[in-house]
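*Asks:* Sequence:
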Amino acid sequence: MRKLKDAFLLLVAFASAALFANGENQQLIEEARSLKKSFVSTLKPELLGAIENGGLVSAISVCSEKAPQIAARLTEDSGWQVSRVSAKPRNANTAKSDARGLVEADALEVYELTERSFRYLKGQTVAGAYINCHGEYITPQVKAAIDRTYPQDLATGYRLGT
37 MRKLKDAFLL LVAFASAALF ANGENQQLIE EARSLKKSFV STLKPELLGA IENGGLVSAI
97 SVCSEKAPQI AARLTEDSGW QVSRVSAKPR NANTAKSDAR GLVEADALEV YELTERSFRY
157 LKGQTVAGAY INCHGEYITP QVKAAIDRTY PQDLATGYRL GT
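For the sequence shown, position 144 (counting from the first letter as 1) is numbered 180 according to our numbering, and the numbering increases by one without interruption.
Keep in mind that the hints were calculated from the coordinates and are not lab data.
Do not take every clue at face value.
Ranges of calculated distance between the beta carbons of each label pair, as one might list FRET restraints [said to hold, decoys possible]:
1) Glu88 - Gln188: 21 to 31 Å
2) Gly193 - Ser100: 29 to 39 Å
3) Arg152 - Gln63: 29 to 39 Å
4) Glu112 - Gln177: 17 to 27 Å
Straight-line alpha carbon distances no greater than 25 Å define the calculated SDA-like cross-link-like pairs of lysine to any residue that follow [to be verified]:
5) Lys124 - Asn89
6) Lys102 - Gln62
7) Lys80 - Asn61
8) Lys179 - Ser153
9) Lys124 - Ala108
10) Lys179 - Leu79
11) Lys124 - Thr192
12) Lys80 - Gln177
13) Lys102 - Thr78
14) Lys80 - Leu149
15) Lys124 - Val93
16) Lys80 - Tyr186
17) Lys73 - Ile167
18) Lys102 - Gln63
19) Lys80 - Arg152
20) Lys73 - Thr175
21) Lys124 - Gln63
22) Lys102 - Leu149
Heads up, the beta-carbon is just placed ideally off N, CA and C, and yes, glycines get one too.
Sequences and hints are given; from them, build the entire structure.
*Replies:* As structure tokens, then:
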């Protein structure tokens with residue numbers, strides 16, 4: 037059974053590799069975790085509010101419009117590159133080939149030093165309402181809205197569980 041969390045892998049990357057080399061890795065990990073937490077804690081209330089006020093179809097615009105705006109704001113404010121990536125993307129945020137193995141390995145949290153950057157990936161476990169747009173059984177109305185917004189969508193067919 038495929039876990040839903042790998043549909044929502046948050047990539048926080050491109051912090052200074054020099055800090056990592058100087059033993060500041062714990063500080064970088066904490067900064068990355070904080071950015072991930074900020075992203076989720078900003079997006080989730082917007083998403084749930086949209087569902088409550090306009091149903092699942094209105095939530096699709098939150099994910100397609102608000103989530104990239106949140107990531108862009110966090111990138112601008114922090115100096116990190118913040119984005120969502122997945123092996124099964126809903127949009128163009130496919131995991132780069134060197135991160136794909138981490139995504140497909142179902143890693144909950146991974147950080148690594150590359151030649152020029154410190155990279156942090158954190159799987160976002162989701163439950164409840166998210167299955168309505170990413171699960172195996174999506175209503176025809178939601179499916180039509182997803183198809184209009186994401187013509188190349190691959191982020192469905194997930195099941196909750198292990």
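*Asks:* Looking at the structure, which of the earlier hints fail to hold?
*Replies:* Those not satisfied are hints 2, 3, 4, 5, 6, 7, 8, 14, 18, 19, 20, 21 and 22.
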